[in-house]
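> Given next are the chains, with one letter for each unit.
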Amino acid sequence: MEKLGRYETDRVGYVMVLPYIIFFLIFVGYPLIFSFILVFHKWNIISPMKFAGLYNFNFLLHDPLFWKSLRNTLIFLIIHIPLQIIVALVIANILNQKIIARGFFRASFFLPVVISGVVITILWQQFYSFETGLFNTILSRINIAKIPWLINTKFAMPSIAIMATWKNVGLYIVLFLAGLQAIPFSIYEAADVDGATARQKFFYITIPMLNPTMIMVLILSTLGGFSLFIEPYVMTGGGPINSTLSCVLYIYKQAFYFNHMGYAATLAFAVAFIIMIVVIIQRKLFETEVYA
Amino acid sequence: MLRLIKWFTIPLTGILLLTMNIPLQAGEDVVKLIYWPSSNPQEIALAVNIVDEWNKTHPNIRVDMQPLPASQSSEEVLLTAVAARTTPDICSNIWPGIVGEFAEANALVALDRFKDFQDVTLSRMSSDILTNFISRDGHYYQMPWKGNPIMMEYNVRLFREAGITNPPRTYSEFMEDAKKLTKDTDGDGSVDQWIGVINVNPVWWHRFFDFYAMYIAASGGRTLFKNGEVDFDNEYAVDVFRFLQEGFKKGYFPRGTLQGSQFLLENIAVQFVGPWDIAYLEKYKHEGFEYDFAPLPVPDGTPEPILTYSDPKNIVIFSTTKHPEEAWEFLKFLISKESDLKLLIITSQIPFRKDLDIDSTYKEFFEENPKVLKFARQISYTRGSDNVTQLKEVFDVIAQAFEYSVIYGMQEPRESVMNAAETCRRILRR
Amino acid sequence: MKRIIFYILLSIATLIFIYPFIWMTTASLRPEREISYLFPLSRNFSFGNYITVFKRIPIVRAFLNSLIVSSSITISVLILSSMIGYALSRLKFKGRELIFMVILFTMMIPFQITLIPLYVLMVKLGWTDTYQALIVPGMISAFGILLFRQYFKAFPKSIIDAARMDGCSDFGILYRIIWPNSIPALVTVGIITFMNTWNNVLWPLVVIRKTSFMTMPQMVALFTVGGQAEAQVGVQLASAMMLAIPIVIIYMIFQRHFIASMAHTGLKG
Numbered sequence: 002m003e004k005l006g007r008y009e010t011d012r013v014g015y016v017m018v019l020p021y022i023i024f025f026l027i028f029v030g031y032p033l034i035f036s037f038i039l040v041f042h043k044w045n046i047i048s049p050m051k052f053a054g055l056y057n058f059n060f061l062l063h064d065p066l067f068w069k070s071l072r073n074t075l076i077f078l079i080i081h082i083p084l085q086i087i088v089a090l091v092i093a094n095i096l097n098q099k100i101i102a103r104g105f106f107r108a109s110f111f112l113p114v115v116i117s118g119v120v121i122t123i124l125w126q127q128f129y130s131f132e133t134g135l136f137n138t139i140l141s142r143i144n145i146a147k148i149p150w151l152i153n154t155k156f157a158m159p160s161i162a163i164m165a166t167w168k169n170v171g172l173y174i175v176l177f178l179a180g181l182q183a184i185p186f187s188i189y190e191a192a193d194v195d196g197a198t199a200r201q202k203f204f205y206i207t208i209p210m211l212n213p214t215m216i217m218v219l220i221l222s223t224l225g226g227f228s229l230f231i232e233p234y235v236m237t238g239g240g241p242i243n244s245t246l247s248c249v250l251y252i253y254k255q256a257f258y259f260n261h262m263g264y265a266a267t268l269a270f271a272v273a274f275i276i277m278i279v280v281i282i283q284r285k286l287f288e289t290e291v292y293a
Numbered sequence: 016m017l018r019l020i021k022w023f024t025i026p027l028t029g030i031l032l033l034t035m036n037i038p039l040q041a042g043e044d045v046v047k048l049i050y051w052p053s054s055n056p057q058e059i060a061l062a063v064n065i066v067d068e069w070n071k072t073h074p075n076i077r078v079d080m081q082p083l084p085a086s087q088s089s090e091e092v093l094l095t096a097v098a099a100r101t102t103p104d105i106c107s108n109i110w111p112g113i114v115g116e117f118a119e120a121n122a123l124v125a126l127d128r129f130k131d132f133q134d135v136t137l138s139r140m141s142s143d144i145l146t147n148f149i150s151r152d153g154h155y156y157q158m159p160w161k162g163n164p165i166m167m168e169y170n171v172r173l174f175r176e177a178g179i180t181n182p183p184r185t186y187s188e189f190m191e192d193a194k195k196l197t198k199d200t201d202g203d204g205s206v207d208q209w210i211g212v213i214n215v216n217p218v219w220w221h222r223f224f225d226f227y228a229m230y231i232a233a234s235g236g237r238t239l240f241k242n243g244e245v246d247f248d249n250e251y252a253v254d255v256f257r258f259l260q261e262g263f264k265k266g267y268f269p270r271g272t273l274q275g276s277q278f279l280l281e282n283i284a285v286q287f288v289g290p291w292d293i294a295y296l297e298k299y300k301h302e303g304f305e306y307d308f309a310p311l312p313v314p315d316g317t318p319e320p321i322l323t324y325s326d327p328k329n330i331v332i333f334s335t336t337k338h339p340e341e342a343w344e345f346l347k348f349l350i351s352k353e354s355d356l357k358l359l360i361i362t363s364q365i366p367f368r369k370d371l372d373i374d375s376t377y378k379e380f381f382e383e384n385p386k387v388l389k390f391a392r393q394i395s396y397t398r399g400s401d402n403v404t405q406l407k408e409v410f411d412v413i414a415q416a417f418e419y420s421v422i423y424g425m426q427e428p429r430e431s432v433m434n435a436a437e438t439c440r441r442i443l444r445r
Numbered sequence: 004m005k006r007i008i009f010y011i012l013l014s015i016a017t018l019i020f021i022y023p024f025i026w027m028t029t030a031s032l033r034p035e036r037e038i039s040y041l042f043p044l045s046r047n048f049s050f051g052n053y054i055t056v057f058k059r060i061p062i063v064r065a066f067l068n069s070l071i072v073s074s075s076i077t078i079s080v081l082i083l084s085s086m087i088g089y090a091l092s093r094l095k096f097k098g099r100e101l102i103f104m105v106i107l108f109t110m111m112i113p114f115q116i117t118l119i120p121l122y123v124l125m126v127k128l129g130w131t132d133t134y135q136a137l138i139v140p141g142m143i144s145a146f147g148i149l150l151f152r153q154y155f156k157a158f159p160k161s162i163i164d165a166a167r168m169d170g171c172s173d174f175g176i177l178y179r180i181i182w183p184n185s186i187p188a189l190v191t192v193g194i195i196t197f198m199n200t201w202n203n204v205l206w207p208l209v210v211i212r213k214t215s216f217m218t219m220p221q222m223v224a225l226f227t228v229g230g231q232a233e234a235q236v237g238v239q240l241a242s243a244m245m246l247a248i249p250i251v252i253i254y255m256i257f258q259r260h261f262i263a264s265m266a267h268t269g270l271k272g
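Chains as they are written, first to last, in the working numbering: chain R, 2 to 293; chain C, 16 to 445; chain Y, 4 to 272.
Watch out, some of these pointers could steer you wrong.
[As the list claims (entries may be wrong)] Here are the simulated PhoX-like cross-link-like pairs (lysine-lysine), alpha carbons at most 20 Å apart as the crow flies:
1) R:K51 - Y:K5
2) R:K43 - Y:K127
3) C:K71 - C:K264
4) Y:K5 - R:K202
5) R:K147 - C:K264
6) C:K47 - C:K347
7) C:K194 - C:K265
8) C:K337 - C:K47
9) Y:K58 - C:K298
10) Y:K5 - R:K99
Quick caveat, the hints were computed from the structure, so don't treat them as lab data. On a predicted model such as this, the values are computed, not experimentally measured, just so you know.
If we strip away everything but chain R, and leave its shape as in the complex, we get:
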């Protein structure tokens, strides 16, 4: 802050911020407005736009595939989020103890996070392959029936959810670990004085104190879940029978396979709206004040 009372404008500030203004106008502002306009039109890029009023909106409400993609995404989230939180929490807790080579462990868990989703997907596609995949081969060896991981409608999305958890949990372990380490030791000491058991300490101190981290993990996972694209695109093409058709994959298909630009824009807004609602609900339900 400059000296109080002096109103001085650093003109150079405008110069510095100018690139962003230009950038924003071209790559954010324009697309947003254009997207909004597209919602009310039918367009396939090569022909002129045709005004369509609320047509796209109406179609969306009656589009079984849209609701299916939402349902698929929700199934994904219901499995992925709790699984991720539990695993990350447990491992972060263990790592929070005095562990030798903590850095090594942490780095190993984190490895899948940095590797491209394409690599992970190709790898797990091999694991999940029905006839010759690693998982089923192991299962046959111990005389359990092969599981139709990716070719059965009930198993496909859960399989993808498990893979996504494996990929991302490292990040959340790191976040939880940071959150755990920020909890002042003195609180635990005070609890010890009161004779609290380990269990009580965990549920009444650790978890509440981790609330901000928890919320962040929740929101990040939710955003990630709604952005699910490359996994179903590579692994299943949205099948079997559209059980792994995610919201973004559906938007992609509508826009780039069928050239329904107006409808794709409508889908995008609808999904964005839903994400916003979900995040608001999550915060209302789970966010608590942390008194530190």
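Use these hints to put chains C and Y onto chain R, whose structure you have.
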């Protein structure tokens, strides 16, 4: 002679490509045309040959060939070019499915505006074939060029050893043969030889090579639409669905995706492919491998001739051209007798020509390549795809119904087909 | 006692996270028929699958493309985002807070909404199948601006004032004084930006169709989905390995920074 052409063309390509980059010294009255062939190496070699021939004999109209960049889908490249108005004068890699959209966007020149259109086309192909490609407004925006008719490729040895003398003609014959040919050959308890394979990926264009081709065969030449209306909710589509569904139910077709070329490995007895496979098999086949082609199987009682899907690629002239008349001249050159012969020799694909098996120009070629002759005879008995803008979506719907009913057996064929037709009607009404 | 259980659990967990990569490495070196063997080692190790990949797709070109794109974006983000972050944190001008709110707002817009219009924009500009399409939309990162602004706010005012009195321009202050003293922030933003751009596959899939401009993850994805690998698992895995190795190498070198960056941003989140 023919062999010489084939052998020297591809190496010459490199040299010709180099020489073609030397700018012409001629002045303003030379018309320049840009031509896009496909990105597949044989077609590029063909294009180089034809373009060079043309440039030699037509010094006033110079054609520059630019291969479509190798990419995931040439349709999108073309779409972007149309949107940005950077289209070439002529393109010979047009899938009829996109002609509808392009025509509606006024991106194409109507070919029937040229006075000699009727003469040129009907002297080359039957009117039956030509009308395959008419657009909704009654004009022709594409010139049928070549096709790869889908036929049934079968392993002669496997059939012989199973005691079958002729490849199956009908669905019942197919099922009988399937019983004999699907088995566990190495005794490990799981089946490893099947009669055939159907691609189980729910990608819409796979269905061209199984469902759609067989539908055309079964129905004696119907396509999915008639006069722009959905027309496939009929017995024939149901028959095809039922036939293939049975194949999966009884385990005659493998469920998962297999690796490698199963036909070459002799793990499957039958494949549904076009003439492109001949070049592949000739290159990789091992000692004792015998194969041949037959028309697609059809429901019992279907009369001859048996039709099939032509998997066509056509030529268009884009409306951005500044020289439509000259472009038309070049187009005619592309479909001349001599160019068609080169097409056969260099790419083994079949031009849409009705007199291939009797015209002396082609006699020598077919004597040396009898298997291609079968396809050449078949080309006059084919259908293309409908000129409907939403064709991709329609096929996507069919592919999904196919997955549901045929591959997973979760729905009765009749119900599946009817639902798919209804959904397609809804799509068209949008 | 509890310790031992912890170590066992951790080791099992580590195995679960690392073994798949070990398997992938060995599987990519094995001939096709041995792919489903459980035992990792094989007598027939060879680079055959890798050679096939090189023959079938221009993967080196794709690697170079990824390198060019990711590096360009990272450098641009570091320069521009730090500049804007500096302006927002240390300079006074009307509209400063408004711009900051706008930046926050843009971070909340899901990419699904801007994806299609951005594509259309690329088509209209004639930028499809060009480097510009891959680089320019990523040149400024809102996340980067945020981080730099936060970091620069804490920078000692006295040093800046001293430089001002010496007649140093604000640009000079930023690049000659603040930068050398903000290595952690630079590294954090740099690593995260590089990693995210390298792994980004949706945008290239949308704007690039020519193989000569495809990025590496895009090419490997299309290779697998598109059937050019002819359903040969070993070849697919080899291509995946080639995609993974560059990042793994960088990861092993900068590992501490990676993790610290992520944790750091998480806390401020």
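> State for each hint whether it applies.
Hints, verified against the model:
Between K51 of chain R and K5 of chain Y the CA atoms are separated by roughly 69 Å; this puts the pair beyond 20 Å, and the hint is violated. Note on K43 of chain R and K127 of chain Y: the hinted pairing holds, with a Cα-Cα distance of about 18 Å set against a maximum of 20 Å. Distance hint between K71 of chain C and K264 of chain C is unfulfilled; the C-alpha atoms sit about 59 Å from each other, more than 20 Å. Using a Cα cut-off of 20 Å, the hinted pair K5 of chain Y and K202 of chain R holds, with the two alpha carbons roughly 17 Å apart.
With a C-alpha separation of about 19 Å, the suggested pairing of K147 of chain R with K264 of chain C holds against the 20 Å cut-off. Taking the CA atoms of K47 of chain C and K347 of chain C, the gap is about 17 Å. The hint holds against a cut of 20 Å. The suggested pairing of K194 of chain C with K265 of chain C holds, with an alpha-carbon distance near 9 Å, which does not exceed 20 Å. For the proposed pair K337 of chain C and K47 of chain C, the alpha carbon gap of about 9 Å is at most 20 Å, so the pair holds.
Simply put, K58 of chain Y and K298 of chain C have alpha-carbon atoms about 18 Å apart, close enough for the 20 Å limit, and the pair holds. At roughly 11 Å between alpha-carbon atoms, K5 of chain Y and K99 of chain R fall within 20 Å of each other, so this suggested pair holds.
Hints 1 and 3 from the earlier list are contradicted by this structure; the remaining hints agree with it.
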